[in-house]
Amino acid sequence: MLFKATLLFSLAASAIALPSAIDTRKTKAAGGKAAAGAAAAASVLTVQDYADFQVSDGVAGDALAEVQAKFPVDTSNLAAVSADDLAIIQAARVTAEAAETDAGGFNEAIDAAGGTDSAEGQPLQVGKIKNKVEKLYLEVLALQIEQAQTGEDNSAKIAEEQAKLDNNIKLDEAAAGEPSQSVDFQGDDAP
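Throughout the sequence shown, residue numbering follows mature numbering (1 follows the signal peptide of the UniProt record, and there is no 0), covering -17 to -1, 1 to 174 in sequence.
Possibly wrong hints are sitting among the right ones.
Derived CB-CB ranges, DEER-like [said to hold, decoys possible]:
#, residue 1, residue 2, range
1, Pro162, Ser26, 28 to 36 Å
2, Val30, Gly97, 29 to 37 Å
3, Pro174, Ala48, 21 to 29 Å
4, Val30, Ser138, 27 to 35 Å
5, Gly97, Ser26, 40 to 48 Å
6, Thr84, Glu143, 16 to 24 Å
7, Thr29, Gly97, 34 to 42 Å
8, Val27, Gln169, 21 to 29 Å
9, Asn60, Asp136, 15 to 23 Å
10, Gly41, Gln132, 15 to 23 Å
Cross-link-like lysine-lysine pairs, in silico, DSSO-like; alpha carbons within 30 Å at most [stated by the list, open to error]:
#, residue 1, residue 2
11, Lys153, Lys140
12, Lys53, Lys153
13, Lys53, Lys140
14, Lys53, Lys147
FYI, nobody ran anything at the bench for these hints, they're computed from the structure.
Here the structure is a predicted model, which is why all the values come from computation and not from measurement.
Don't be surprised by glycine CBs; every beta carbon is placed ideally from N, CA and C.
Put together the whole structure using the sequences plus the hints.
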């Protein structure tokens, strides 16, 4: 009998000592707003090399969707985009622009290939347009996030960059199905 009581007591003590899930959720009355703000500011992007976030390979026609897939931030709530994600978006835009204009970028590669009308230069030109869509989308997105978070009126700059983006989207769509080639550009989107 003493053995049974000891066994039951030790089992009960073990059950009490087991870790249990603690509900850390806050109620609406006790700070649900703070919890929602913290959850909304969670980062969704990670630092990547240009080769991993560029969209210039493949074919033309769907560059905008490709860029949006590489940078999947919630555009319905730009005020909630994390500071880390905004910094990555801004750094990626700078890198995409450098891939266009700096040494080893599209402009240099197209010139070396004989220009935009050459057989080697045409896919690079298509890739350059896709790269411009990426660069300009990221520029507009960053400006919209800053405006949503700070209240600063960026609408004139947003409209200017959006017009450039719309033009390059039209060029990409007009070239739908044409081969597109990227450049071997070294860079990343680290802030």
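Going through the hints against the structure:
At about 35 Å, the beta-carbon gap between Pro162 and Ser26 stays in the expected band of 28 to 36 Å. Separated by about 35 Å at the C-beta atoms, Val30 and Gly97 satisfy the suggested range of 29 to 37 Å. Judged by the Cβ atoms, the range 21 to 29 Å given for Pro174 and Ala48 holds: they are separated by roughly 25 Å. For the pair Val30 and Ser138, the supplied restraint of 27 to 35 Å holds, since their beta-carbon distance comes to about 30 Å.
The hinted range of 40 to 48 Å is satisfied by Gly97 and Ser26, whose Cβ atoms lie roughly 43 Å apart. Between Thr84 and Glu143 the beta carbon distance is about 19 Å. The supplied range of 16 to 24 Å therefore holds. Range check, Thr29 to Gly97: about 38 Å between beta-carbon atoms, so the 34 to 42 Å window is met. A hinted range of 21 to 29 Å holds for the C-beta pair Val27 and Gln169, which are about 25 Å apart.
A beta carbon spacing of about 19 Å between Asn60 and Asp136 agrees with the range 15 to 23 Å that was offered as a hint. Look at Gly41 against Gln132: about 33 Å separates their beta carbons, and that is not inside 15 to 23 Å. Restraint check: the Cα-Cα separation between Lys153 and Lys140 comes to about 20 Å, which is no more than 30 Å; the hinted pair holds. Of the supplied pair hints, the one linking Lys53 and Lys153 holds, its CA atoms being roughly 20 Å apart against a limit of 30 Å.
Taken as a hint, the Lys53 and Lys140 pair is honoured in the structure, with Cα atoms around 24 Å apart against an allowance of 30 Å. Our distance criterion of 30 Å between C-alpha atoms is met by Lys53 and Lys147, whose separation comes to about 20 Å.
This entry does not satisfy hint 10, going by the numbered hints stated previously; all others are met.
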